[in-house]
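**Q** Take a look at the letters that make up each chain.
4 protein chains.
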Amino acid sequence: MTKPLNIGMIGYGFMGRTHSNAYANVNHFFDLEHKPVLKAVCARDEAKAKAFAEKWGYESVETDWKKLVARKDIDAVDICTPNNLHAEIAIAAAKAGKMILCEKPLSMNVAEGLEMCQAVEKAGVPNIVWYNYRRVPAVTFARQLIDEGKLGRIFHYRAVFLQDWTISADLPQGGTALWRLDAAAAGSGVTGDLLAHCIDTAIWLNGSISTVNAMTETFVKERKHNLTGRVEKVGIDDACAFLCRFKNGSLATFESTRYARGHKALYTFEINGEHASIKWDLHDLHRLQWFDHRTPGPLRAWSSIHVTDGEHPYMSKWWVPGLQIGYEHTFVHQAADFLEGLSSGQPAGPTFREALETQKVCDAVLSSAKSGRWVEVL
Amino acid sequence: MTKPLNIGMIGYGFMGRTHSNAYANVNHFFDLEHKPVLKAVCARDEAKAKAFAEKWGYESVETDWKKLVARKDIDAVDICTPNNLHAEIAIAAAKAGKMILCEKPLSMNVAEGLEMCQAVEKAGVPNIVWYNYRRVPAVTFARQLIDEGKLGRIFHYRAVFLQDWTISADLPQGGTALWRLDAAAAGSGVTGDLLAHCIDTAIWLNGSISTVNAMTETFVKERKHNLTGRVEKVGIDDACAFLCRFKNGSLATFESTRYARGHKALYTFEINGEHASIKWDLHDLHRLQWFDHRTPGPLRAWSSIHVTDGEHPYMSKWWVPGLQIGYEHTFVHQAADFLEGLSSGQPAGPTFREALETQKVCDAVLSSAKSGRWVEVL
Amino acid sequence: MTKPLNIGMIGYGFMGRTHSNAYANVNHFFDLEHKPVLKAVCARDEAKAKAFAEKWGYESVETDWKKLVARKDIDAVDICTPNNLHAEIAIAAAKAGKMILCEKPLSMNVAEGLEMCQAVEKAGVPNIVWYNYRRVPAVTFARQLIDEGKLGRIFHYRAVFLQDWTISADLPQGGTALWRLDAAAAGSGVTGDLLAHCIDTAIWLNGSISTVNAMTETFVKERKHNLTGRVEKVGIDDACAFLCRFKNGSLATFESTRYARGHKALYTFEINGEHASIKWDLHDLHRLQWFDHRTPGPLRAWSSIHVTDGEHPYMSKWWVPGLQIGYEHTFVHQAADFLEGLSSGQPAGPTFREALETQKVCDAVLSSAKSGRWVEVL
Amino acid sequence: MTKPLNIGMIGYGFMGRTHSNAYANVNHFFDLEHKPVLKAVCARDEAKAKAFAEKWGYESVETDWKKLVARKDIDAVDICTPNNLHAEIAIAAAKAGKMILCEKPLSMNVAEGLEMCQAVEKAGVPNIVWYNYRRVPAVTFARQLIDEGKLGRIFHYRAVFLQDWTISADLPQGGTALWRLDAAAAGSGVTGDLLAHCIDTAIWLNGSISTVNAMTETFVKERKHNLTGRVEKVGIDDACAFLCRFKNGSLATFESTRYARGHKALYTFEINGEHASIKWDLHDLHRLQWFDHRTPGPLRAWSSIHVTDGEHPYMSKWWVPGLQIGYEHTFVHQAADFLEGLSSGQPAGPTFREALETQKVCDAVLSSAKSGRWVEVL
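Residue numbers (the numbering used here), protein chains in the order written: chain A, 1 to 378; chain B, 1 to 378; chain C, 1 to 378; chain D, 1 to 378.
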C-alpha cells in the first residue's frame, strides 16, 4: 500500500494546474511508495480557491498561506505564487518542518535564495524547484548521452527561449494575470522567467558557468499598471542575450525575448561536442536531434530521434512506441522523482542549493547588462 | 455539482489504461455536468484486475463480464476486450440498459456490427466507439476547415498507417499480449487494427466511400501460437493497400503494414482540394500542415500549424500556446464529448451506427483483396 | 586533349535547355575523353531555333529534322520533341548510324518502343533515355545502399509524383506549350509524363514489376484545344494510382496527379526493407532520409543525410560539403555517364531496351485502369 | 549581339571555379548586353594554371598577376587570391583602369579596405565584392519582403555560420589548401571568413550596426605550419560570437565557429519584426521560412516557402516551379547583376565602399574580443 503525502498548494494559477495534475496522475503511471493527497489549496480569493479545489479534488481551502503552512496535516508545501513571495513562504514552511516544492525561479535574487537554502538545510526538509524541462524525456536522454561520454569535449552551447506575447504596447502590466510584467512581483523579465530555464538545463548538462556578458532591452518603456491604474515605467527586461564561458572551456550564447514574432515557447538548445552534437526544441519536445561523427562518412547525418520508445527515459511508463506525450508530463516526472527520492534517500534535483546556482547566473547577467562588462559568476 | 456516472470497464490492457486515464482527468479540464466514477473493472485474472483497480482507483473488481453487466450500480460499460468479444458484450450490455463505450473496431465484421447497432438502438442507450484520432486537435481542426469550405471540391485523399513491430519471424501469435496477430481474436490484421482508424477519419472528413480495390499480404506465413504452443498458419493480413473512390468524386489510396521498418505509428493523411490541401502525421500529432492557394503567389507555401493555441479545438482547456499535448489527450476529449452529448442530447460520434460504415469498408477491402476486383461498399 | 562529339538537338523547349546546359557544363566538372560540341539545333520555327542557337552557342540551325539526321557532321542526335515523334526520329537516326539520346518516355507505347529498340540494336549505336532522376546524388546513393545489401529483403515500395498545374478548367490543351495535355502528342497524361519517372526509378532500385492494378481519372473532361480552337474531349489521364507487386515479393503503391494542390513537383519514394528504410523527395533533392534498425535502440531514428559530401555519388565533382546542387545537375551527370560509357564500353543506362521495361508497366497500368483488373507486365 | 567583356582571373581555387562557372553560364539564362569572355587566368604554378584554363576555356595563362593587370585585352580583373593579396592587386588593377570583381572579404582590415575604395573611386572603375549570399533567391526575396514593409519595426536579428572541419588537432595550417587557418594570409579566422558573410547580409537586410561586444576563442593553440614545416602558434579565431545593436534599435546575436560538429555550412539567419518573421538556412537554401502575424489566428503558422516559382527573384530564368537550384547559381546571379549594372548605370552591390562597412564591423568585433568591452562601429 502507498503512503499518503499530504500536499498544501499555495497559488492556483497556471502552475497550480500543472502541479495538481502531476499529483493527480503520478501514481497511475509510476510505482511509488508515496501517494500525494490533495489536502489543501490556498489563495486570497476564497471563491476562486474553492472552485479550484472542487475541480482538482482538494479537500480544503485556505486564504492565508500562513495558516496553511501551520497546519499539522500538511506534509509538503507547494509554492506556486509570484516570485516575490517564494522566499517568505519557503522560509516559514521550512521552519514549520514541511517539505517544499517551489516553482522556479527559486527567488528574486541570490541574497533571498541563499536565505532559502539555509532555511531548508537547517530544517533538514526535502526541497526541490520545479525546473521541469530537465524531465522532458528527450532532455533527460541528452543528459544520459553526455554522461556516457558520447559527445567528448564540449566546444559550444547555445540556447534561446523566444516568445511573442508582449509585443502589443496596449498590454498592461501587473496584477494576477500579468504579474510577470511587473518588476516588483517578478524581479526581472525574461531573465528570471525564461533564461532561468535555459540556464538550469545548461548547468545540468554542461556544468558551471564562469563568466557572462549580457545586454538587455525594454522595447516598450511604459505600460498601464493593473494595480494602480496608471501608466508606469516598465521595470523588466523584454529581451536579454548573453555570451558566456563555462568552466569546461566551452563557449555559449543565450538569448530570450518576448518580441520574437511567431514563437510561442521556442526553447531550443544545442550542444556541440568533439564527437557528437545534440539539439532540442520545446515545440516538438518529444524529439531529439542527434549527430554522431563516428557514423561512417556517407551515412553521417542529423537524425531526429522520436523519444517515445520504452528504452527512452520515463517512456516505459506511458504508452507504446510512436505515441507522444506532452508538456504536462514533465511535471508528472518531477513529482515521481521527488517521491522516489523520499524513498531512496537520494533527493531528486534541483534542490534549492542547486537552483541557487541558476540564480547566481541570472544576477550576474543582469549586472553585466548594466555595466556592459564581463561579470564573473561567484 | 457534477453527477456521477458509474463506469464498468471490461479489459485492462493498453486501451484499459487510456480509457481509465480519460475518466480520471476529464473533469479537471472540462466543465461537465457528469463525472465518471471508476466503479468496477473486470478481467478473468483476478490478481491482475485487482492490481489495475488499485493503480487507477477502481472501487471493485469482477472476473466475469456478465456479472459486471448485470450490476445495478453500473451506468456505462466500457469494452476494452479483444475484438471477438465486442459483439456479445455490447449486446448484453444494451439489453441491460447500459450506455456503451466500445473500443474500435466496432466488430469482427458487418454482420456482427449490424446486430450491435440494432441492440443499442432498440435499447435506446447512448453508445460510442473509441475512434480517438478524430479528437486530435489538429484533426478536429482539419474537419473545421473542410466544413468551412476552405478546401473546395476534393480531388484526392491518401492515408497510410505504418508500423514495423512484426517483422521478426520469431514473434509468436495469440494470447493476451499478441491477440492482434491471431485471426480468431482480431478478425483481421492491419485492416481492422490500423486501416479502420484511417477509414473512420476519412469518412468523417471526406464522406462515404463507394468502391474499393485492395491487395493484402501475409509476409510471415506461420508463427508459433501462444495458446496452442504449436506453429500455426497466420490468418491475418500483415499488409493491406487499396485504391478507392469516394461518393464526392475524389480518388484515394490507403495503405497499412506492420513491415515498414522505421515507423512506429506513422498514421498520416493528406487531402487535396481545389483551393487548399491538408496533411497530418500522428508522429507529430500537434501539428497540421496547411497549403492555401489563395495566398498571394510568392508567399504561397505549406505551413506547419502548431495546434496549441486557445483558438484551436480543445486547446483552450489545456495549457498555454506553444505547449503541446500528446496521445492520451484524444481519449480525454472523447470522454468529454461523450459526457457533453449526454447533457446536450446531441450524441457524440462515432456511434455504433456511424462506426458500422467503417466496418463495411473493411469488409469490402478484405473481399476485394480475395477477388482481385473492385468491390462496392454497400 | 578531348575528342569532340558533335550534337544535333531536335526540339528547344524545357528539355532542350536542360540537355544543352548539360553539354555546356559537363567537361568543366568531369574529366572525360569526349567533349560535346553543339553543332546544330533543329526546330520548325527558324527564328526561335536561331535565338536558341545563339543563346546556347549552337553552330547551326535546321528546320527539318530529317536534314539534321542526315548531316555527316552530327555524331549524336538528341530528341527533345513531344512523345509522338520519338519513334520516327529515333529509327531514322539509328539508320543513319547516329548515337541517340532520347527524352523520356521512350515512346507512345510498347509497340513503338520495341521498334526503336530493334532499330538501335540493329544499328549498334549507343542509346540512352533521359530518365534523369537516377542521377540525383541522393537517389544514386540509395541504389548504392541497396546494392550493398543494407536494406535486406524488401517489403514495400511507395512512390508519388504530385503536381497541381492543371486544376483550372480554363487551361486549354495542345500546341507547343501544352502538348502534354493532348493525348495525340503525349500518348497519356500523368502516366507517361510523371509515373514513367517513378517506374524507371523503382525498377532501377527494386527490380521488375510483375502485376499492376490501376485506376485513372480525368477530372476536367473537356478543354479548348489550341490547335483546333474548339472545345474537345480531354483524352489524357489527370490522375492515376496503382497497386503493384514486384518480382522480389514486395508490394507497392504508385500515384500521380496534376490535381494535388500545393505540390509542384513532389516526386517522393520510400523503400522499406527488413533492416533499413529509405525516403527521398524531389523538393529537397539533396537530402536522403535513412533509417537503420541496426543502430542501438534508443538512438534509432530517421536521419536526414545532406548528400553533399565528397564521399557521395557525383559530389566530389562539385563544390564543398554543405553546398547543395539542384535539378539541372542530374542532366550533367547523365551526360557525363553517357560519355564515360562511350570510353569504357560499358554503356550508361537506361538504354532504350531498359527503358522499354518502364513502357511495358505504363501500358499495363493504362490497360488495368480500363479493365478494372490486375494486369500482368509481360 | 552581345558585347564581349574580357575577364582576367587571378587565382584558380574553389572561388576561381565558382566565378568561372558564373561567367560560362550567365548568358545562357539571362538576357544581357555584355558577355564575359574568359581571356586569361593567372597563377604562380603554370602547369596548374594551364590545366585550369583548358578545363574552363580560358584563352591564355599568366604566372605574374602584374602582367595580367597590365594586359590591354583585359576589361575586368577577378581577384580570387587569399585575402592578403586583395588590396595590392585591386589597387593596381584600379590604376590600370580595370573593372574589379573581388572575392570577399574586401580586405585584411579597414585601413587596407579604405585604400581600395579610394583607388577604385579615383579610377572610376566598376567594382563589386562577391558576397554571393545576397543572391540566393530566398535571401533576395527576404529583402523584398522587408522593403515592402511586411515585417514592420524590427526587434531581433540572429545569425550563425557553423562548420566543423578544423576540429582535428592534426590538421596543419597554411599553404595553398589551408591558408584560411594562417593569420598572415587570412587576416582572421571565422570572423573574416564566415561572419563577414553574415554581417554583409545583415547590413543589407537590417541596416547599419552601431555597437558590438564579442568573444573569440582558439581551441587548438598550435598547429604544424605547411610553409615552415614547424609547429607554430595559431593566430586565427576558431570561434567568434558577438552581441550587437543595429541603428534601427534592434538587438542581435552573431556566432561562427569551425567546431560545431555536424554542421558543414550552416549559415542561418532570422529576423523578428513587429508583424512578421523570416528564417533562412544555407543547407536548404531554396526555402524561406515565413511567419505572418496578420494571418487569421488559428491558421497562423510558420510556412516553408519553396522559392522556385517564376514570381520569386531570379527564378523565372531557370527551370519550372518545384525544381530547385543550388549554391553556384548565386554567383551566376551576381555576374548577371554586375553586367546588368554596367548597362543600366546602376552598379550592383556590394561595391567596395559598401563592403567596407562589413570590414568595419569585423574590425570592431576583433577589437571588442580583445578588450572585453562594447565597441562602436565607426
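For the record, the hints were derived by calculation from the structure and aren't laboratory data.
Careful, some of the hints might be misleading.
[Stated by the list, open to error] Pairs of lysine-lysine residues, derived as DSS-like cross-links and limited to a Cα-Cα distance of at most 30 Å, are as follows:
1) D:K50 x A:K247
2) D:K3 x D:K317
3) C:K150 x A:K150
4) B:K264 x A:K3
5) D:K247 x C:K3
6) D:K221 x A:K150
7) B:K55 x A:K279
8) C:K48 x D:K50
9) B:K264 x A:K35
10) C:K3 x D:K233
11) D:K247 x A:K221
12) A:K35 x A:K95
13) D:K247 x A:K264
14) A:K48 x A:K67
15) D:K247 x A:K370
[Stated by the list, open to error] Examples of chain C residues toward chain A, derived with CB under 7 Å:
16) W165
17) A169
18) D170
19) P172
20) T176
21) L178
22) H293
23) G297
24) S303
Even glycine gets a Cβ: it sits at the ideal position worked out from N, Cα and C.
**Q** State for each hint whether it applies.
**A** Structure-based check of each hint:
For the hint pairing D:K50 with A:K247, the CA-to-CA distance comes to about 53 Å; that exceeds 30 Å, so the pair is violated. A C-alpha spacing of about 21 Å is found between D:K3 and D:K317, which places the hinted pair at or below 30 Å, so the restraint holds. Between C:K150 and A:K150, the direct Cα distance comes to roughly 25 Å. Compliance with the 30 Å bound is thereby established for this hinted pair. At roughly 37 Å between alpha-carbon atoms, B:K264 and A:K3 are farther apart than 30 Å, so this suggested pair is violated.
For the proposed pair D:K247 and C:K3, the alpha carbon gap of about 59 Å is over 30 Å, so the pair is violated. With a C-alpha separation of about 24 Å, the suggested pairing of D:K221 with A:K150 holds against the 30 Å cut-off. About 36 Å separates the Cα atoms of B:K55 and A:K279, which puts this hinted pair outside 30 Å; it is violated. Using a Cα cut-off of 30 Å, the hinted pair C:K48 and D:K50 is violated, with the two alpha carbons roughly 37 Å apart.
Distance hint between B:K264 and A:K35 is unfulfilled; the C-alpha atoms sit about 33 Å from each other, more than 30 Å. For the suggested pair C:K3 and D:K233, the alpha carbons sit about 50 Å apart, so the restraint of at most 30 Å is broken. Pair hint D:K247 plus A:K221 holds up; C-alpha atoms about 18 Å apart against a cutoff of 30 Å. A threshold of 30 Å between alpha carbons decides the hint, and for A:K35 with A:K95 the separation of about 24 Å falls inside it, so the pair holds.
Proposed proximity of D:K247 and A:K264 is supported: the alpha carbons are some 27 Å apart, at most 30 Å. Restraint check for A:K48 and A:K67: the C-alpha separation of about 18 Å stays at or below 30 Å, so the hint holds. Simply put, D:K247 and A:K370 have alpha-carbon atoms about 20 Å apart, close enough for the 30 Å limit, and the pair holds. Annotation: interface hint on C:W165 violated; nearest CB of chain A at approximately 30 Å, more than 7 Å.
A hinted interface residue such as C:A169 counts as satisfied when its beta carbon comes closer than 7 Å to some beta carbon of chain A; here the least separation is about 37 Å, so the hint is violated. With its C-beta approaching chain A no nearer than about 36 Å, C:D170 sits outside the 7 Å limit, and its interface hint is violated. Against a cut-off of 7 Å between C-beta atoms, the interface hint on C:P172 is violated, since the closest Cβ of chain A lies about 41 Å away. The beta carbon of C:T176 is not positioned within 7 Å of any beta carbon in chain A (closest approach about 43 Å), and the interface hint is therefore violated.
With its C-beta approaching chain A no nearer than about 40 Å, C:L178 sits outside the 7 Å limit, and its interface hint is violated. With its C-beta approaching chain A no nearer than about 12 Å, C:H293 sits outside the 7 Å limit, and its interface hint is violated. The interface hint given for C:G297 is met, as the beta carbon of that residue sits about 5 Å from the closest beta carbon of chain A, less than 7 Å. Contact between C:S303 and chain A, as hinted, is supported at the beta carbon level, the nearest pair being about 4 Å apart and thus within 7 Å.
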